[in-house]
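Chemist: Turn these sequences into a full structure, and let the hints guide you.
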Amino acid sequence: MSAGGGKKAIIAALSANAGIAAAKFVGAALTGSGSMLAEAVHSVADTANQGLLLLGQRRAAREADELHPFGYGRNRYFYSFIVALVLFTLGSIYAIYEGVHKVQHPEELSNPLVAVVILVIAIALEGFSFTTAMRESAPLKGSASWWRFIRNSRSPELPVVLLEDTGALIGLLFAFAGVGLTMLTGDPVWDGIGTLAIGALLGVIALVLIVEMQSLLIGEGATPDEDRAIRANLVDGTRIDRVIHLKTQYLGPEEILVAAKVSIVPGLDIADIAAAIDDAEARVRAAVPAARVMYLEPDLYRTR
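Start counting the sequence shown at -2; every next residue gets the next number (the working numbering).
Be careful, since some hints might not be right.
Claimed, not checked - With a straight-line Cα cutoff of 30 Å, these simulated DSS-like cross-link-like pairs (lysine-lysine) come out: (1) K138 <-> K4; (2) K138 <-> K244; (3) K244 <-> K258; (4) K5 <-> K138.
Calculated from the structure, these hints are not laboratory results.
Modeler: Right, here's the structure in full:
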């Protein structure tokens, strides 16, 4: 993912969520709707989350130093993990608390049509944010499904924005249903049920993000396609005839550490071995540009 592409989707989401949050708080104050209030808090959480993603990108751009010789790229994973925690605590837990309260102590809605209008506007703004994220993600997704893209992407920002916007759109539909059923039936308990549904939805999305970001923080290796490309380009068939073993790890969304032991054809002198290693590194970097940090150990292949 290019920094510019990811940043464009984040800024679009931040702008949309800031406006939506303000509108929802006004709607919640005018109507007394619990689902509207839960959605307003959800939008505040999303707005803060986009700010955290931008901060993570900025921190990740710092140059490597003596304390962090491999750089600060994993800041993007760390701040995305914080985003998941914010979504769970500020979004899901609050919505469930508010929903339980509204179900136990239903309150009549005032001016419910105001809530409906605000929800329609919010759906339009969230749709803009969602389509922007999809458009930015499409070149990276390729032919894979969206779920596979979210699970396998080593760049955290676009999957985070996609999941947040998906949750926001579905949550708005839950809020719309809660307010609508309350208007149709005259029973305000439906507003509380809608709020509970929003809380459960946000909890599921937050847990998916927590699992994915935790895996990236620990350190994930190259994708299967990248692994195959690295192995194929390490071998030239004349000086390096096989890969004895290979380990990779993402140091950040756009930087892979490659450590490999390669089998050198017997009889080469030191100069030929050094040239073979240099050429192998150049081939790998041409095929997998993210493979910026490489440590190759020449050895002789010995069968047992």
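Chemist: Work down the list of hints and note, for each, if the structure agrees.
Modeler: Here is what the structure says about each hint:
{"no.": "1", "hint": "K138 <-> K4", "result": "holds, 17 Å"}
{"no.": "2", "hint": "K138 <-> K244", "result": "holds, 25 Å"}
{"no.": "3", "hint": "K244 <-> K258", "result": "holds, 9 Å"}
{"no.": "4", "hint": "K5 <-> K138", "result": "holds, 17 Å"}
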